[in-house]
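Chains as they are written, first to last, in this note's numbering: chain V, 1 to 355; chain R, 1 to 326.
What the hints contain is simulated information worked out from the structure, not anything from laboratory work. Incorrect hints may appear among the rest.
Stated by the list, open to error - The list that follows gives simulated cross-link-like pairs (lysine-lysine, DSBU-like), each with its CA atoms no further than 30 Å apart:
1. V:K60 - V:K121
2. V:K148 - V:K167
3. R:K46 - V:K153
4. V:K51 - V:K153
5. R:K253 - V:K148
6. V:K341 - R:K253
7. V:K153 - R:K189
8. R:K253 - R:K46
Residues per chain are reported as follows:
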Amino acid sequence: MSRIAEFSIEYQQCLAATGELVTPLPAFATQAGALIELYEWMVLLRVFDAKAINLQRTGKMGTYPSSLGQEGVFVGIGDAMQATDVFVPYYRDSGVLLQRGATISQLLQYWGGDERGSDFKECPEDFPICVPIATQFLHAAGIATAIKYRHQKRAVVVTGGDGSSSKGDFYEALNVAGEWQLPVVFIINNNQWAISVPRTAQTHCKTIAQKAIAAGIPGIQVDGNDAIAMRDAVDQALQRARNGEGPTLIEAVTYRLCDHTTADDATRYVPKEQIEKAWQEEPIRRLRQYLEQHHQWDEKKEQQLQQRCQEQVNAAVEEYIATPLQPVSSIFDYMYETLPKSLQQQRQAAEQEGR
Amino acid sequence: MAEITMVEAVTQALAYEMQQDKDVVLMGEDIGLNGGVFRATDGLYKRFGAERVIDTPLAETMIAGLAIGMAAQGLKPVVEFQFMGFIYPALDQLINHAARLRNRTRGRLTCPMVARAPFGGGIHAPEHHSESTEALFAHIPGLKVVIPSSPARAYGLLLAAIRDPDPVIFLEPKRIYRLVKQDVPDDGKALPLEKCFVLREGSDVTLISWGASMHETLQAADQLAEQGIHADVIDVASIKPLDIDTIVASVAKTGRAVIVHEAARTGGVGAEIASLLNEHCLLSLLAPVQRVTGFDTVMPYLKLEKKYLPSVNRIIEGVMKTMEFA
Ligand SMILES: Cc1ncc(C[n+]2csc(CCOP(=O)(O)OP(=O)(O)O)c2C)c(N)n1
Ligand SMILES: [Mg+2]
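Produce the entire structure from the sequences given, and follow the hints as far as they go.
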């Protein structure tokens, strides 16, 4: 027998858990303020998350999936994308959506059960949050098909969880993106859990990144707790995509330091030692250590940032709470461009009932 | 001008709209050089090129998902599912996304796509190739469902479906793809989507059908006319949204209604129409509404498929039942 093909998967990390650099900083990170910006987004996301959970607990919002521990993944993505790129989220990407220009009060609106929360003004081509697992990968491939059809120089980023990488839609999307060399970057937030099912029960594959190999596209594993590496990996993949060099799969390895959602109780299944260990590797602490070691950050700046984030989130919460309900007619008004006659009758009936 | 078949009318409509609108893109399995297994895209690959007549990898969920992303970008994908029996992997995408995109983004993103699929029995096809499940789609808020039954209506309705700003499921009764030929001027004129077509006028009974069964229904009407029973014959064509007004106006006149469809009986579109007739013109009815339909069974394989499909005789029997009431 002879060998006809050989493959390997690379691992990218810049900043170790201790805050030490294990590889030189990528170019973007050497620009003044670049790392502070990443850091500030992560802190804002963590403050927002805590508030969102609190709102759910006090009955002011519906179920919410937190990003706790995974901020490096999302903030890296949001920072690498350009306004003209298109983002196709799953449901744990609050961070990216905020960086894209969705407002905090809009995200609260969405999770609070108001469709207007998906009417993004600043990123009008981005898809809304996607709940049916893995379906979004195909939308991203479709958007990328349109971009390619029109010979535009921009790209699509789509996210999903480690669990989503088991579903057919994921493979179908990777496969067609490879075959058609579409400008799309697939990112798996491998947070080690799909609700209560661990990553190891999801696939016998050693990495999720290697699923790219079967599609004939590059796959890379990145330390998702390292916002610098994440930002760099996504940026490089996006540049290739925009230049017509095809898709990439990025597996971001991180840890879900929270319940799956506010409807979940992870103490039922997460081993305590595992979560304690994961806390040692989380993304915010390590970047803060790096910034402090390099005299770019200190306790006073931290306190000011925390206060700014609290104020920003609190103001958004007030805006969210004060937003009037949509009229009942709104449940009809976006079904079709022109409302069919039978629905006009139902709309009238609903309005009368509402009086 | 040469007369064309229904499948040729489909091709003609696709070609017309592709010529007019560069945003119209076709996708499907074997639709390229091969022109589709029924030849509905015959010649379009040569004429418009591989960029616009796209042979996809073999994955139905993918076809629907791609179309949604493309449509959200303003393209008008017209995708072919090779047979309706293989559209089911795409239901997730069609129901959870295509049908809802406009609503869940408050109109920010829309989904102007068409999903075409040949459907129905009677061509001696293998298992899974002959079912009629239009009711599944008609049940889904946000979708439109259209079924032509003649070359002219295939042409006009397909143009309307492509131009429609919302997702349309366009089901093509393959048994009649080549049954009749008609003059179909290639004038780019669309037919309305929320309208029934009254094919015959009579005063004694209303026959309501769509798709391939339209042909047995018309034959039944001819035979009934010889016996002095004159039928209004309606091609529903737009299964959703349904033009109930035209149907009600007819039944108010005739007092009798027989609904004919190939699909299984329970939960079929016929049940919806019967219910609407009760709501809107119960007091005009001289007899209970009759349904002549496929059975609530698995579609039999080719040896017995004829027994499943509503025959001219069964339709006439249905009419006679309504005539038993004075
Ligand atoms: C198709 C589908 N099946 C099941 C669910 C219910 N569900 C929601 S989240 C989830 C786990 C997803 O895990 P993963 O993909 O790893 O993403 P994570 O939530 O961990 O970020 C499940 C099973 C769903 N939303 N969609
Ligand atoms: Mg997960």
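Please name the hints from earlier in the document that this structure breaks, with their numbers sorted from lowest to highest. 4, 5, 7, 8
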